[in-house]
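K.L.:
All chains should be modelled from the sequences, with the hints used to inform the complete structure.
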Amino acid sequence: MQEMAGLDEGAPLFVQIAERLAEEIADGSLAEGGRVPSANELAAYYRINPATAAKGIGMLTDDGLLEKRRGIGMFVAAGARSRLLGERRKRFTERYVEPLVAEAGRLGIDADDLVALIRESSFVQRGS
Amino acid sequence: MTPAISVAGLTRRYGGQIALDDVTFDVEPGSITGLLGRNGAGKTTLLRIIAGHEFASVGSVSIFGSPPVENDKVLGKMVFIREDQVYPCGGWAFRVRNALQAASWLYPNWDHDLAETLIRDFGLPRGKAVQKLSRGMRSALGIVIGLASRAELTLFDEPYAGLDPVARQLFYDRMLADYAEHPRTVLLSTHLIDEAAGLLERVVVIDRGRVVLNAAADDVRGTATRVSGPTIAVTDFTAGRTVWDRRKFASQESVVIAGQLGDAARARARALYLDLEPLTLQQVVVHATRMQEAGVRERTIA
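Protein chains in written order, with the working numbering: chain P, 1 to 128; chain L, 1 to 302.
Read the hints as simulated data drawn from the structure, not as lab findings. This one's a predicted model, so the numbers in the text were calculated from it and none came from an experiment. Think of the CB as a built atom: it goes at the ideal place given N, C-alpha and C, for glycine as much as any other residue. Wrong hints could be hidden among the right ones.
Estimated spans, in silico, between C-beta atoms of each pair [what the hints assert, rightly or not]:
hint : chain 1 : residue 1 : chain 2 : residue 2 : range
1    : P       : E24       : L       : R241      : 32 to 40 Å
2    : P       : D27       : L       : A129      : 51 to 59 Å
3    : P       : G71       : L       : G15       : 53 to 61 Å
P.N.:
Structure follows, in structure tokens:
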């Protein structure tokens, strides 16, 4: 298979482009106010159709995470990073914390015990 | 917008044989479309009719709104590079540089610098007689002409016979780079789907002369999933779903199901310790073709 710099052939490529850009905004490698690679630059890097790359960029533009500056290119919108981090925090709560608390409840582990268990496990992970 | 290519109800018969059977599809301008299918599916016949080299038995083809046959206005906008390209003015005196010179006169958007770069990239010997070129070098010459002509409509029919994977990658990379700077309409027929998948915005799949799939490439990726694990769990999970393929080994089973899986279905698969593998573009095309062939067999028997 042609190498596409880590893209997965089993899912829409434009969605993966959007996810990767969002990832870079969230971790700060694409700074707010910074220029985002153009569709052609992304296309050359990932070896994909420029229209596919443009569709990925378009997804983030529609979400307000990127903004177009006429004649210059696409830039990371102000507040994009904190918005993405906020969404992730919310997802983290839904995906991990809520099921954890529910399961703890079933096992009769109260909040203090749970906090203690988390401290213990993070201590073990750091120590290992 | 007028389609770059519009094929409507196209049928092509050779004596009693049907090469193309009621083919209908449009190609929008400014896109790269993959024409996919097995060998003998009808890809070359279709491209020859689009290029005006051959007639339809029934139905019509229009290129930017006009029929291509004996239409200089249309033919000037189009380049057609075939597998094992034959150059009309053959003979020992006809060298690579003569072929390129002829192409530069023929195609109004010919780009000399791009041609020079590509000749260097592929290591084409300018002074060699075209007749004496190896298969791979003949393909390279076709690719140089196909790309440097920058024709509004570029038709490539399996243009890489005899080219190794490195040279094919060069072709894909150069095409992508030049297409990005100079958008045009490209129709690329290939059976090396995995290699070309990333380049394609749309795919038209033909099998036994019929269109079996016409869609955006990204809409096809992941539209089927291979589910593998213990037979009991697989049977439970796939109940009521459309099954494309089923393989069994001892107590293990591997099944391809159509359609996308939601979060709930994924969570359930995890709970059943099932392995989920979304299908790639190539894999979906293979299954769509097989389903079509199975359907044809059923109809024939019935």
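K.L.:
Taking the earlier hints as the rules, which of them does this structure contradict?
P.N.:
none
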